[in-house]
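Chains as they are written, first to last, in the numbering used here: chain A, 1 to 251; chain B, 1 to 287; chain C, 1 to 278.
Please note that the accuracy of each hint is not assured.
No more than 20 angstroms apart at the CA atoms, straight line, and that leaves these computed lysine to any residue pairs for SDA-like [claimed, not checked]:
no., chain 1, residue 1, chain 2, residue 2
1, B, 44, B, 59
2, C, 182, B, 39
3, B, 13, C, 177
4, B, 55, B, 227
5, C, 182, A, 31
6, B, 103, C, 177
7, B, 48, B, 228
8, B, 13, C, 92
9, B, 55, B, 178
10, A, 194, A, 210
11, B, 101, C, 270
12, C, 182, A, 113
13, C, 128, B, 29
14, C, 128, B, 13
15, A, 241, A, 225
16, C, 182, A, 194
17, B, 8, C, 179
18, C, 94, A, 60
19, A, 112, B, 8
20, C, 128, B, 254
21, B, 107, C, 17
22, C, 159, C, 189
23, A, 207, A, 176
24, A, 31, A, 194
25, B, 185, C, 14
26, C, 128, B, 252
27, B, 101, C, 25
28, C, 159, B, 165
29, C, 176, A, 110
30, C, 176, B, 12
31, A, 129, A, 189
32, B, 103, C, 14
33, B, 103, C, 260
34, C, 13, B, 178
No lab work stands behind these hints, which were simulated from the structure alone. Computed from a prediction, not measured in an experiment: that's the story for all the values here.
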Amino acid sequence: MDIKIRTEELRLSFGKREILKGVTVDVYKNKITGFMGPAGSGKSSLISIMNRMIDFEENATISGRVFIDGEDILDGEIDEVHLRRRVGMVFAVPIPLPRSIFDNIAYGPRLKNKNSGRELRSLVQESLKKAFLWDEVKDRLNSSALKLSGGQQQRLCLARTLALEPEIILLDEPCSGLDPISTAKIEEALNELKKEYTIVLVSNNTKQIARITDYAAFFYMGTLIEYGTTEKVFTNPSERKTEDYIQGKFG
Amino acid sequence: MIKKALTKEHFVKYILTAFALSSLLFLFLIFIFILSEGIPLFHKVGLKNIIFGFKWAPTKGSFGIFPMIVSSFLVTFGALMVGAPLGLSCAIYLSEYSGKKLKLFLKPALELLAGIPSVVYGFLGVIYIVPLVRNFLGGPGFSLLATSIILGVMIFPTVISISFDALMSVPKTYREGSFAMGATKWQTIYKVIIPSARSGILASFILGMGRAIGETMAVIMVAGNALRIPTSILDPLRTLTSNIALELAYATGDHRLGLFSTGVVLLVIIMILNYIATFAIRRRVLK
Amino acid sequence: MRISPNFVDKIVKIGLNFQAFFTVGILIAIVAVIFFKGSPYLNLEFIFSSPEDMGRHGGIFSTIIGTIFLVLLSIFIATPLGVGTAIFLTEYTKESWFTKIIRFGVESLAGIPSILYGLFGFIFFVVKLGMGWSLMAGVLTITIMILPTIIRTSEEAVKTVPRNLRIVSYSLSATKWETVTKVVLPSAGPGILTGIMLSVGRAVGETAAVIFTMGSSLRLPTSLMDSGRTMAVHFYILAREGISMEKAYATALVLVLSILFINIIAYYIMNKVTSKYS
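Excised from the complex, chain A in its bound form (with noise of 0.2 angstroms):
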């Protein structure tokens, strides 16, 4: 198995508070990863390193590597805003830019100078498509993205990100504010999306990420506790914290 991502020993503090204390682990190629963990454990921080989002956090110090396909992103060398075109991310909240739907989806390639009519309009038809959101507004492409209930914001969301042409994608607890129904379609989007891109999920819902993820990984206060198939992380996890979490004892 390819492996994608891949931290070693990551550590990430806030001023003097240490967020991520050391953290490695491999992403694989074409699988959902999930993280979860409760508040605090670190997930979010870590994939917001992934796609160097976290530089915009005031005063966070990071050491440790990250490699992507083999290249230390962390690397002061490297161009961010190009890393951030293979490594697409949904936010928790759903955040519409205030223009038409159309736009949203469009405003990445755009930025890429693909601007012309019918491949920039294909591309926003196939991206909306994959995020199972097509149909529901193909038929308003101008109107305003606000106008948008909150599942399908979300979805836009998804479907902006992949407009991008991403290799990997990250996702922040994109369903802790939707209702199940919004959720499934979601869900649904991400098992066929598997086929053509590498995505992390992060959540702290256990059902979900025993639901749709191949690779589980557990955090605790900034340390993965534990990490595997996602089938041993449910069934026979090998440590007590991790079957404590799972239960819903804590978190």
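Start from chain A and add chains B and C according to the hints.
Okay, now just chains B and C, sitting in the frame of chain A:
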């Protein structure tokens, strides 16, 4: 993977830095040129003879601007006496008594009034206020009183909108707390709201003062421009600003330098006022 | 006898009511007087013919053109400078001694009265740089004068753009400048425009800073080096020198109507833009 090649981003940052520095450059130029023209005369004639001199006869070597300094402060004080209580009570009315609709209507109306050119105020002063003062109170009509009224009206919008903002930023819980103690509305306003909004209200007065002391054309039109310290509110007077504007067009040599000296004094007064105002506003933010 | 607090409360309420309407009344009266006194003399001929005999006869056409040239050119220079500075302060730096100094400079510029701008423009542009009384000297002086207003209002507007939108833009592989031009500026647009409109209003009504830099020639300016007269300056001269009260009122009316018009446009654009995607 592609390495960093963000030359355009760097270019943009340099340009924007240059833009931001331009404000400092302009401020620097203004100071340098007003000071370099204004200071020499202080050396030649003597600081004391200019600032505390009573006689302004620039073509005959007398550059005393003391009456103008006094007059500038008098009209500013007068404007405040007219504008501050009226403006503040208007702001209190708007924030505590009026309905939402009135607020929505009055905000743009005030902005509009703040935008009316000062020369228009001065003109109306000449047509209506000056004759009123002359006929009912005596004197030439062009007077400290007429100037104070006109400037007072001109600083209304400034005083109202800034103290209104200050009053509105007093947390609702303060009001509720006071009402819960059995205080009447006025007691609440007087004892709780005004004290909490104090520094914002003060800032509105100081900014109003800044506008009044710097006003030129309207003052020229209604002040009468006499070269002495007024002894009553019905006497005419000349401010620092009017002195510059009245004579700059034709002044040459030392006369022109004298006007720049007047400018230097004005600049110093304004900077002190600004400093006090920023201090008052900053204190409000810190609280 | 002690007066009951409730009685005081009522008196105060009545007093404040009365006083608020009195104040607003004065302000309305100002506009009304200008309107009623000026409108009989205001017609198309007044607007489209140039002043004759020092303004005693004819209209104000050349001063309208002078005003438009002055204001448009000043805004044209001050807007990129001002918005650029605001963008620099909010997007490109963290709070530091450097931003503090720049903010101090902007605040100081904002506090300088217009007569000192006139004094500076006169000695620097007109005399030292040898521009003479000219449109150019007027434009540069007014540019500096309105710059702080544009910077402050733009900065306020830019600050209201939610941080989330920027984060999303960056995550979609935008650079800082792309984020600024595609997300921040469009969202802050209405606020920035309001600031620009305020500045337009201030430049239209300005007299002291204009008269000593642009001069007061009644001829139509045909180049940047020509002197010219704005409506406000024309009005000041008409009124101060008692040339013609009728023409003065009519000019005042045009001035006030322009200011009103500018304000209405600003509100219109603001409402239109903000209601589109919300």
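Hints, one by one, checked against the model:
no.	hint	in the structure
1	B:44 / B:59	15 angstroms, holds
2	C:182 / B:39	49 angstroms, violated
3	B:13 / C:177	9 angstroms, holds
4	B:55 / B:227	8 angstroms, holds
5	C:182 / A:31	34 angstroms, violated
6	B:103 / C:177	38 angstroms, violated
7	B:48 / B:228	17 angstroms, holds
8	B:13 / C:92	7 angstroms, holds
9	B:55 / B:178	57 angstroms, violated
10	A:194 / A:210	16 angstroms, holds
11	B:101 / C:270	19 angstroms, holds
12	C:182 / A:113	14 angstroms, holds
13	C:128 / B:29	12 angstroms, holds
14	C:128 / B:13	32 angstroms, violated
15	A:241 / A:225	8 angstroms, holds
16	C:182 / A:194	31 angstroms, violated
17	B:8 / C:179	14 angstroms, holds
18	C:94 / A:60	15 angstroms, holds
19	A:112 / B:8	15 angstroms, holds
20	C:128 / B:254	17 angstroms, holds
21	B:107 / C:17	17 angstroms, holds
22	C:159 / C:189	12 angstroms, holds
23	A:207 / A:176	13 angstroms, holds
24	A:31 / A:194	6 angstroms, holds
25	B:185 / C:14	13 angstroms, holds
26	C:128 / B:252	14 angstroms, holds
27	B:101 / C:25	18 angstroms, holds
28	C:159 / B:165	18 angstroms, holds
29	C:176 / A:110	15 angstroms, holds
30	C:176 / B:12	10 angstroms, holds
31	A:129 / A:189	9 angstroms, holds
32	B:103 / C:14	18 angstroms, holds
33	B:103 / C:260	19 angstroms, holds
34	C:13 / B:178	18 angstroms, holds
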